[in-house]
Amino acid sequence: MRTIRIGSGAGYSGDRIEPAIELAESGNLDYLVFECLAERTIALAQQDRLRDPQGGFDPLLADRMKAVLPICRRNGVKIITNMGAANPVAAAQATRDIAKALGLTGLKVAAVTGDDVLEQARASDVALDEGGSVKALGNRVISANAYTGAAPIAEALAGGADVVITGRAADPALFLGPLVHEFDWAMDDWELLGKGTMVGHLLECAGQITGGYFADPGVKDVQGLARLGFPIGEVREDGDLVVTKVTGSGGQITRATVTEQLLYEIHDPTRYYQPDVVADFSQVRVEEVGPDRVRVTGGSGAPKTGFLKTSVGYLDSYIGEGEISYAGANAAARGRLALDIVRERLALTGVKMTESRFDLIGVNALHGGGLAEGRDPYEVRVRVAARTETLAEAVKIGNEVETLYTNGPAGGGGAWKSAREIVGVASALLPESVVTPSVTFMDG
Amino acid sequence: MKLHEIAHSRSGDKGDTSNISVIAFDMRDFSFLAEHVTADFVADHFGDTITGAVTRYELPALGALNFVLTGALGGGVVRSLALDTHGKSLSSALLELDLPDKGALSGSP
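First to last, the sequence lines map onto chains V and P. Per the numbering used here, residue 1 is the first one in the first sequence, and the count goes up by one each step. Per the numbering used here, residue 1 is the first one in the second sequence, and the count goes up by one each step.
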């Protein structure tokens, strides 16, 4: 039975690049996938594109492509990525230009477009899961992108693409696409599409399955996190999977790391909604079959819903923040006094806030005070954050923390402040009939 | 006994919803987890740090439970005022859960 080897070269936009180079060099790969697009990233990228028509794609695209294109060319590895963000065509042009500059001629780069559905979303005045509608958001809406599936990626590969660059493709589809292409899986074989979705789900966060986001000294020890290896999926034609990594790389792949990642960001495990299938992970089995080799079987699926999740980006609000630290005897009491002072100052000066919070980092900032067991730490950090409707008001939040230097409790140090615009993201469902993905080829 | 003595955990985010897995180190402890780590118990543990409901899904083949907490992320990762906007640290909070002593059950086949 045929097996395809797919490497995962990035789990988010800012991820390490060397593990991808290691995979391209030594992974004996057929495909190298870079998943780099978080929910909000595409809305921010759309703003970049409005400022620069040739911009709006991943800022690390050039660094990644320069690092891996020559190796992938030499080793016959195809690249698939959503680094196109809000502008896959410009990203594909940039990639082709990089290839030319590196002397790699004849490289075929494909851009998958059609996920930008702002016009369709406005026309249908689609309802938002969070309440309200696209129409109600009016001119605050800056983007709407539908999660597209595996078919256009498979189409690009069938057309001979060496590099496929998408925008808002569903993360698992970046992996399902090459499986559909290589194994000629039917787009209504729900069980195989479910298994392929499981492959993508497990691999898409890269280091999170090889020991990243896992270590707990003395409880769950992981060696070599500074040179963590990224995962390789060995996928059989029948959808069975072995997860492994390059021998000698850091990290580990065990039943525990794989099980944690299998359930990561999953709600009902029998209903994992994707553009191409509703995947079912409820009967999955995880089995260690060798050192850093874990076999995963039993994924399944049910027919797709016919609707595509759509992320709507909009101008939401501003957040102002300030922090300052206290240490030694009575540090927590001085921290609490500092918070009281800022609370009173914000009221006295009439700063307009729609929401605020007053945290003592080291005591109650992460989970409220209930779990802290009343123990005061050696040092605390005061944190005040508030939502405002203008940048000018947001600036005042951090200022009121900073003035604690000369007006607040004894020994306050290391003040820091920020004020920033917040792009919100709401979700909607669009019928897939109004979304038309297409593939554009660029010959190098 | 604390939950972290017999299980490990990972949290993930989607919008304003957090999911937190609870996975037995030893598969034989799954039924103990299923009996004691109920959705209501988890909801009580988090108290008013979450504003929505807690739903539990069971995955016996994995020795795991999956908890889905709505209204858990201060309005969602992109607009939350919280320090940990993703709720990445919520798994550690859940592992602080107090359980009855497993006692004689420990290591029994």
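Hint data in this document are derived by calculation from the structure and do not stem from the laboratory. Careful: at least some of the hints might be erroneous.
As the list claims (entries may be wrong) - Derived EDC-like pairs: lysine to aspartate or glutamate, alpha-carbon spacing no greater than 16 Å straight-line:
id, chain 1, residue 1, chain 2, residue 2
1, P, K14, V, E265
2, P, K14, V, E130
3, P, K88, V, D216
4, V, K135, V, E119
5, P, K14, V, D268
6, P, K14, V, E119
Bear in mind that the values here come from a model prediction, so they are computed numbers and not experimental data.
Consistency of the hints with the structure:
{"no.": "1", "hint": "P:K14 - V:E265", "result": "7 Å, holds"}
{"no.": "2", "hint": "P:K14 - V:E130", "result": "12 Å, holds"}
{"no.": "3", "hint": "P:K88 - V:D216", "result": "14 Å, holds"}
{"no.": "4", "hint": "V:K135 - V:E119", "result": "12 Å, holds"}
{"no.": "5", "hint": "P:K14 - V:D268", "result": "13 Å, holds"}
{"no.": "6", "hint": "P:K14 - V:E119", "result": "25 Å, violated"}
Checked against the numbered hints given earlier, this structure breaks only hint 6.
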